[in-house]
Amino acid sequence: MNQTDTIQYLDNKENKTWRFLISELKPKTKIFTAFNIITLPIILLGLGLIVYRFRFGLEAVTNLSQDVPWGIWKAFNVVVGVAMAGGAYVLVFMTHVLHIKRYEPVLKIAVLNGLLAYVFYSAALVLELGRPLDIFNVIIGNDYGVSSILFLVAWHFMLYILCLFLEFSPSIAAWLNARKMHKFLTGITLVAVVFGITLSVLHQGGIGALFLLAKGKIHPLWYNNYMPLMFVIQSVFGGLSLVVVVVAISWKIFAFQLTEKMIKAKDDILVGLAGICSVGLFSYVFMHIIIFVHEKYFAYMGTGWGNWYLLEMIGLVILPMFLFMYSYKTKNATMVIVSSVITLMGILINRLNVSLIAYNIDAPVRYVPTWQELTVSLAIILIQIWVFRWIILRMPVLRNGPDWAKGH
Amino acid sequence: MSLNRRTFFKAMGATAVALSVGKVSTASEAFSDNGTELNGMLYDMSRCVGCFGCEYDCAEAHEAEMPDIPRNPPPRKLDETCRTVVNRHETSIGMVAFKDQCRHCSEPACTAACLTMAMYKTQEGPVIWREDKCMGCRYCMIACPFDIPKFEYKSTNPKVVKCDMCVNRLAEGEIPACSYFCPEEALTYGKRSDLIKEARTRIIENPDTYVDYIYGEHEAGGTSWMYLSPVPFEELGFNMKIQKKSFPGLTKGFISSIAPVDLLLPTFLLGVYQATKSTSTITEEDEI
Ligand code: SF4
Ligand code: SF4
Chain A
1 MNQTDTIQYL
11 DNKENKTWRF
21 LISELKPKTK
31 IFTAFNIITL
41 PIILLGLGLI
51 VYRFRFGLEA
61 VTNLSQDVPW
71 GIWKAFNVVV
81 GVAMAGGAYV
91 LVFMTHVLHI
101 KRYEPVLKIA
111 VLNGLLAYVF
121 YSAALVLELG
131 RPLDIFNVII
141 GNDYGVSSIL
151 FLVAWHFMLY
161 ILCLFLEFSP
171 SIAAWLNARK
181 MHKFLTGITL
191 VAVVFGITLS
201 VLHQGGIGAL
211 FLLAKGKIHP
221 LWYNNYMPLM
231 FVIQSVFGGL
241 SLVVVVVAIS
251 WKIFAFQLTE
261 KMIKAKDDIL
271 VGLAGICSVG
281 LFSYVFMHII
291 IFVHEKYFAY
301 MGTGWGNWYL
311 LEMIGLVILP
321 MFLFMYSYKT
331 KNATMVIVSS
341 VITLMGILIN
351 RLNVSLIAYN
361 IDAPVRYVPT
371 WQELTVSLAI
381 ILIQIWVFRW
391 IILRMPVLRN
401 GPDWAKGH
Chain B
1 MSLNRRTFFK
11 AMGATAVALS
21 VGKVSTASEA
31 FSDNGTELNG
41 MLYDMSRCVG
51 CFGCEYDCAE
61 AHEAEMPDIP
71 RNPPPRKLDE
81 TCRTVVNRHE
91 TSIGMVAFKD
101 QCRHCSEPAC
111 TAACLTMAMY
121 KTQEGPVIWR
131 EDKCMGCRYC
141 MIACPFDIPK
151 FEYKSTNPKV
161 VKCDMCVNRL
171 AEGEIPACSY
181 FCPEEALTYG
191 KRSDLIKEAR
201 TRIIENPDTY
211 VDYIYGEHEA
221 GGTSWMYLSP
231 VPFEELGFNM
241 KIQKKSFPGL
251 TKGFISSIAP
261 VDLLLPTFLL
271 GVYQATKSTS
281 TITEEDEI
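Keeping their order, the protein sequence lines are chains A and B.
Heads up: the first sequence at position 16 corresponds to 16 in my numbering, and the numbers run straight through without jumps.
Heads up: the second sequence at position 69 corresponds to 69 in my numbering, and the numbers run straight through without jumps.
Hints were generated in silico from the structure; no laboratory data involved.
Yeah, the Cβ is synthetic: ideal placement off N, Cα and C, and Gly gets one too.
Be aware that a few hints might be false.
[Said to hold, decoys possible] Cβ pair distances, simulated, as ranges:
# : chain 1 : residue 1 : chain 2 : residue 2 : range
1 : A       : Asn307    : B       : Glu174    : 54 to 62 Å
2 : B       : Leu270    : A       : Lys296    : 21 to 29 Å
3 : A       : Met158    : B       : Pro74     : 45 to 53 Å
4 : B       : Ala259    : A       : Pro402    : 38 to 46 Å
[Claimed, not checked] Straight-line alpha carbon distances no greater than 27 Å define the calculated BS3-like cross-link-like pairs of lysine-lysine that follow:
#  : chain 1 : residue 1 : chain 2 : residue 2
5  : B       : Lys191    : A       : Lys217
6  : A       : Lys217    : B       : Lys159
7  : A       : Lys215    : B       : Lys252
8  : A       : Lys217    : B       : Lys252
9  : B       : Lys252    : A       : Lys296
10 : A       : Lys16     : A       : Lys26
11 : A       : Lys296    : B       : Lys244
12 : A       : Lys264    : B       : Lys245
13 : A       : Lys296    : B       : Lys241
14 : A       : Lys16     : A       : Lys180
[What the hints assert, rightly or not] Computed far set for chain A versus chain B, every beta-carbon distance over 12 Å:
#  : residue
15 : Thr17
16 : Ile22
17 : Lys26
18 : Ile100
19 : Gly130
20 : Met262
21 : Ala299
22 : Asn307
23 : Trp371
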């Protein structure tokens, strides 16, 4: 080949990649589904509001105040969301470290879900920063606040996103038909796995530790010295509960992608996860009983806050614990899904209590999120679902990869 | 040598903080980390007449908007437009005024919270906020037990507003504006340890004037700004439940566990990985 030939050859090759990427951008399924028609306006409105927020400041769209500095974006999208994204590291631990093959069929979808959750929750976090550009101070080390929990959480958070990306990247390589890359990426999975789990445990606990400094501001029923540990335990059963829900939905919607084997595996996997969740919830309840006695919570029983606490504990923690046990014993997959939804509610309420509802209860004006805040919160999750769907329809997450990528 | 010794030791110190268990908490209340004695303020509420003068002086010293105080002002709170606020309280012995501002804790919760070291405890005592570092996360507001830092939500480039003990005036050898201009000498600036002695002397010499308590001597591990009161502090709305230990101590345990976990857990995981590798035919039942 002479010079021009080479260029032409490269041009062609490049064109092919581009054409492939552009063709992949086009929707693969029906456009005018009810889901799309409902969610698209919310997403567009949310994006508009985000632009508005950066143009006019936080006051213009939020109800944040001097008494309640962290609003629904932090509390819901970050503090609650991170617990629910914990399924990825738990499944990775079981599959890659313990070599339990049973959960392999749901591993990739859990990792993808975790990856997207983290990416979008970081976005929510940046939205609430008053001076978002200065976030680079943390990264480039313009003074490291090494004794700050938030600093450590931020770094563990960022590095974990990288690990999740590496864990998922073989699927991307398979999609792009990049064989060498695929081999390389599969080779370093173990490194990503080992560090990913470590980083997860620490930042999950770190989010709990953030609130240790708010002593005296959070109602004592939701403040205790064990918060870091409690948050880690929550991330185990909370994360797996979300995996259950995601799997249940995906197995319906993306059924055409699944092999016979995958379809058959589902119920067994859900039942297995139910077993782990019930054990997780049991240790969580056990810890709560110790804390209850130790911190003398009995004194608060009978008050409004006491009832709210009991409702959470009995209805959203102890009840699903028994439901999980029951569904594990009876191998009832539908029941597993029900228990998972209740468990997720429990985590939602618990973490909102810590970060918002039972926070600064003496504040003269209670914080209620504006409709703009709620729209943005929802839009972030909807965009995440759109991207999730886009990827599932293109990359080998549920369906098998190309033949050359077998076994991964 | 590009890395001079000071920076080197500073960096070493920072690493040591991250690794050590509760090392920092041994720093005595009256001294900053490197041993300089902290300065502070003694505010005597039996002398304060509630003239609001210091609010104006403070605004002027910080080139901020002048406060607009009506004749008989309703109770006011600190907000993003002011660094200090004076409130008159009706108490059992009549009117007592209470000036609120940052307490300049010896071991501040806000600096322990701040991930960019924008909140910073200077060696001399003032806790300052540094605009070029802050990213506006407001964790300092969550952490401060006295609810001091305020945030300019209205702005697109918001600042965290709080008293800085007139750090600029201090640098020029002046004392803080409120103390300098107070006509009643209600605010005494000086070395923290001297101020505690002074406060004790006042209490002992005039037992009928004061309640026998120095608010700030031990609250939150000790603060640079301390209060003497002619009425029980509860009557003025002081939070008496604030823990006497320092707030950064609350997270020290967790922080010191991070480095070991970061190092040991991967090793452990690799061990488990190796151990379970050969027995990868685990049966369904023994999983949990
Ligand atoms: S009073 Fe609050 S803002 Fe002031 S130094 Fe203490 S913790 Fe920081
Ligand atoms: S708002 Fe600024 S000063 Fe306060 S903790 Fe965050 S970065 Fe630090």
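Each hint, compared with the structure:
no. : hint                               : verdict
1   : A:Asn307 with B:Glu174: 54 to 62 Å : 56 Å, holds
2   : B:Leu270 with A:Lys296: 21 to 29 Å : 43 Å, violated
3   : A:Met158 with B:Pro74: 45 to 53 Å  : 46 Å, holds
4   : B:Ala259 with A:Pro402: 38 to 46 Å : 43 Å, holds
5   : B:Lys191 with A:Lys217             : 31 Å, violated
6   : A:Lys217 with B:Lys159             : 23 Å, holds
7   : A:Lys215 with B:Lys252             : 14 Å, holds
8   : A:Lys217 with B:Lys252             : 19 Å, holds
9   : B:Lys252 with A:Lys296             : 24 Å, holds
10  : A:Lys16 with A:Lys26               : 16 Å, holds
11  : A:Lys296 with B:Lys244             : 20 Å, holds
12  : A:Lys264 with B:Lys245             : 58 Å, violated
13  : A:Lys296 with B:Lys241             : 17 Å, holds
14  : A:Lys16 with A:Lys180              : 18 Å, holds
15  : Thr17                              : 36 Å, holds
16  : Ile22                              : 37 Å, holds
17  : Lys26                              : 38 Å, holds
18  : Ile100                             : 6 Å, violated
19  : Gly130                             : 2 Å, violated
20  : Met262                             : 17 Å, holds
21  : Ala299                             : 15 Å, holds
22  : Asn307                             : 24 Å, holds
23  : Trp371                             : 18 Å, holds
Hints 2, 5, 12, 18 and 19 from the list above are not met by this structure, while the remaining hints are.
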